[in-house]
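Student: Read off the chains here:
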Amino acid sequence: MSGRVRILSRLRRSLSEEAGVTDEERREAVAARLRLAGAQTAPVPEIARTEGAAMLERFEAKLRGVDATVTRLGAMADLPGAMVEELRARNLPRAIRMGEEPDFAGLDWAELDATRGVGRLEEPATLSRGLCGVAETGTVALRSGPDNPVTLTFLGETHFMVLKASDVVPGLEEMWARVRRAGPMSRTVNLVTGPSRSADIGQVLQLGAHGPVAVHVFIVED
Amino acid sequence: MTHQPTTPQFKANSRAAIADGGLQEQMTKALGNSMAKRAYASGALPEFDQLRDAARDLKNHTLAHLDLYLEAYESKVQADGGQVHWAETAEDAREIILNICRSVDATSVNKGKSMISEEIGLNDFLEEKGIAPVETDLGEYIIQLRKETPSHIIGPAIHVTVPQVREAFRTHHPHLPIDRDLEGLDKLLLEARAELRAKYFEAEVGITGANMLIAETGQSVIVTNEGNGDLSQSLPKVHIVIASIEKVVPTLEDASTVLRVLGRSATGQEMSVYTTFSAGPRREEDPDGPEEYHVVLLDNGRSAMVGTEFQEMLRCIRCGACMNHCPVYRSVGGHAYGWVYPGPMGAVLTPSLIGLKQGGQLPNASTFCGRCEEVCPMRIPLPKMMRHWREREFERQLTPAGTRRGLRFWASAAARPGVYRAGARLAAWGLRLLSSGGRVKRLPLAGAWTDVRDFPAPEGGTFMDRYRPDADGKRGAKR
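Protein chains in written order, with full-length UniProt numbering: chain A, 1 to 222; chain B, 1 to 479.
Only chain B is shown next, with the shape it has when bound in the complex (with noise of 0.2 Å):
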């Protein structure tokens, strides 16, 4: 609930997660499978990398047009009948927001699943203007009862296990029977189906978020699975879409594109159960859906990431195959990525949104090993942007004194192929003369590697030695 960052004590907050033997389970259990969905999914079309190429590209359009495409896209929906308000910052926008649910004097607020929501911070603001936000995806839903956030921008509760879940609904669904047989998976489901059913006729106001906004036709469009974000925009009376402005694509053509990629990238599925395609409040003869329709655009340093080494980050369509293929995501989990964004794409976006001084630690969580890029349906170069970010954060000086030292050190030497080669060899030296049976068991200065792990002894000489030709020409030879 809190959206205060704790992004600077990443390194903390991954101890802890590493350390919690039941969070580690847990996040074994829930990422178990994804990566192999998505494998199957990809592979099953053999057109898949040729879409990839086709998204990348319709979006990197879309960027290098995005004003004019949200200036088509906002004529088409106030043609539709509905408002568009634009939002720079959060503030701006919880703001907007309170104004159209003051205006219908609502006192409820039902959401579908939006991370623009989480990272305005709206359910925390809304509570305090004295407006009820009730979350109905049922991952949002069990969170909320915990007063947690999302650890994964798809399954935001994946950190959560079944016996946490039904405590949560033992603890706040005091209505019900207090010995009622809650052990069945379906059981707890049924008991949220019908909590929440007859939230979505209570509510005055439906927020939702949008995966894409089409200029074309001015549609704002949600893909889910479990029919809550549908229920959420048709009962109320007036229906509040928020969205970023890079979610918008010209043509329903280009959105078939991302949905084609979306859904194998995110759960393997090749299409969603529901894509619902949305324009404007209810027609004149429309015997359902909502009085009035309003979208919110959020910049909220979006626009400045545009024209920067940062502007590919934009093409992120949120399926969160990047996080599910990521070493250090599955290891820490998402909640020590302290913010709104995890994962690799959150390391990227996060110094853009919050600024480096409190996102910085981020791009620091990777080991470079280039799976997030691989399996990144737009193509975006992760750890590409995650260097320019550390360059940043060397560049001012953000980088803590003794590994500045330590790089400039470095730095010096390498640029001096002698000092270098002799460093090199007297590093292998060292490193033989530590070691027992190949390997380091404590090491000077690298502390950090070899309390919890062995350092491997190097075999031979320095790969400058080895590479040095023979007399008679070879390389590689020598040991």
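Chain A with its partners taken away, still in its complex shape (with noise of 0.2 Å):
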């Protein structure tokens, strides 16, 4: 305890009684700060601020553009019918690998070996479930639990991921609106921005570094 006695009261020092604030003003500073959470006080990109179409289509251009692949899908029903068509065009064995998300519960995997739990050694194709796309950069936010093990998101050598249409928010506040929303925080949460990538070597851009070589986003009509 004592380093951290020392660290704090060398703060204290300098932070209060040589600046002339009472501890007393300076916690009330603080706690007004962190009661502003939920609301941001800095500018908000007019990027971030999309509606509707515009917005749905800047969040496909953006995941594009961050070397992702995207297509839409009319009901959640049709996601492993497609899911068979994306390996097959891949090159990929017929398995995806998931876990225990519920809207993947009902469907039909037939078709597929689907197997559930965390993310092994090699992992040829995994499926998560995202919270919900940004469209001011094309980012995807999940959260980490049993429905969508956070191994899955980085040991798939493609990763696949879902979202309904209604998941897609214009930027970074909402968000974090909707994470909040979701419950209680979960261990991680997650923003992916298109396949895992590296220049460290020769400083040429090469994707597939350590994560997934290729992204792959269904994106839903609610």
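Since the hints were made in silico from the structure, they are not lab data.
Keep in mind that this is a model prediction, so the values were computed, not measured.
Hints are not guaranteed to be accurate.
[As the list claims (entries may be wrong)] A few chain A residues that face chain B, going by a derived Cβ cut-off under 10 Å, partial list only: (1) G38; (2) V118; (3) E136; (4) L152; (5) P184; (6) R197.
[Unchecked claim] Output of the computed footprint for chain B on chain A, the stretches with three or more beta carbons under 8 Å from beta carbons of chain B: (7) 22 to 33; (8) 79 to 90; (9) 102 to 110; (10) 158 to 165; (11) 187 to 196; (12) 207 to 221.
Backbone N, C-alpha and C fix where the C-beta goes; we use that ideal spot for every residue, glycine too.
Combine both chains into one complex, guided by the hints.
Tutor: Have a look at this one:
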């Protein structure tokens, strides 16, 4: 504990006594600032304020801009069929790894080797349900947990994510609002913007450094 | 790998770096379009400068209440079942980490990229204690194989050429066929990916840094492009976050503001590929994630910066824009700076962390062109702070005697306008005398300059001669 006490008292001395501000005033300022959680006090850029069709369009365009691919589905029931097609087109085995996501549980996966659980050493294809899509940057936000184990997001060589069209939000502000509404904070909140990449060898950007080589997003009409 | 600073030899290091043709070629190539990428990304966001102001302001507010935000953050981490450890010094941090590793009998540790780990010399220390640290960021992995330190805070291996990477892989992956094809860059990437993939499942402990700590939620945040940090923290039994105390921000909305300027300033990305917010160990219902979650908060001289003229340096979010834009860094590379943090941010931070006696050379490594401050997303007045260090260096008599005499002579002349003007006239006359064709090829006392380039000869009279009004009151007409 002594390191803690020394660090904090050194800070307190500089910030309170020597700055001529009482601790009480400072405590109030911090409490007031933390009460603002959920409200953005900084400017929100125009690109984070799109609406309706323009917002969906931007989300798709931004996804493609970060080397992800997108398809639209009419209904969640179309997912297994679309998945078979995607796997075939990518020359991947007819197998998919996913969590206990309720949206996937009721679907007919008979045509696929669909297994449930965490990510393993070799995972050619994994599937996650995103919490929301951010049109501002083409980002998908995911909450970890039994429904969507976090390891599937990073171990899948091709990572598929599913969003409903109504899950797409204009910017980071609405994203956090949805995260807060989704219940107690999950262990991780993962913001994924395209497939893994690195330019550490020869300063040439290559996809698939450690995480997925490819990212595909299915947007399902509500 | 070695963390014994060579900062006092900055001049000799620089000379060697400039004479190293291979390094020069590689640096030119590596930093090639880094300025253009930042310019494009920031230019494409009309609100960019407003966001910089907002980011500066939110960090100023946080620093003015840093003790309280750290306490708020700590209690949130604990509420989620995580443990917070306070390390006053690098040594404290190393011991805390060692104890955690030993508590689970760890023999290998996976690491996401962390500059704090470099700052505390963690890898050497763990190795000494019989624990194998494995760097998983591709750039960090390459320099770990080559037993080097990072030369850039976000591109640790930018000084390494492709043939050097190939050689490192051939040497350090002896279990693979010696005649395998490693020609294409993709082959190198695939090999590193396969090598490291297995290691993620072997380590008992994963260590990551943190780009931010959120006081509101108790989350630590990592921003990466590879995904290695996430694999390093999700698969082992224990996740240790090492972060310096100034990384805390109040809320998730504040984190968004920082993210909006961070990627654009660093790599020209609107958003890095992976931004991960983590809180505590796995929940009861979680099928994956670490069983233990520890945060080591490192001070190591930072709390002493608070309340001084160097406090603003604590706003730094480690984007690397200042070094990408620095003519000195671009010429000498990161290793010449001799310790962990290079470039303008390193020149300001290093003396605070290892002392002016060791690090005092670095604030002199600036032409004061001002580009670093111009591009800093947190609007840190880097040149001003380098000047503060130079003043302190002078006050503490750390400046060489010759330079001190020169400065004292200059100061006394500059305080006497008559003497100064006469001196300037004399100097202008002398320079013209020594020049031929408008250039001075050799100049007494300025050999350091004229050995490598010509000195321009003055074209007309001194500034004051030109400035003095004519009889009719017009200024500046006289030649």
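Student: Indicate, hint by hint, whether the structure satisfies it.
Tutor: Verification of the hints:
no.	hint	result
1	G38	holds (7 Å)
2	V118	holds (4 Å)
3	E136	holds (8 Å)
4	L152	holds (9 Å)
5	P184	holds (9 Å)
6	R197	holds (5 Å)
7	22 to 33	holds (count 5)
8	79 to 90	violated (count 0)
9	102 to 110	violated (count 0)
10	158 to 165	violated (count 0)
11	187 to 196	holds (count 10)
12	207 to 221	holds (count 5)
Consistency note: the structure conflicts with the earlier hints numbered 8, 9, 10.
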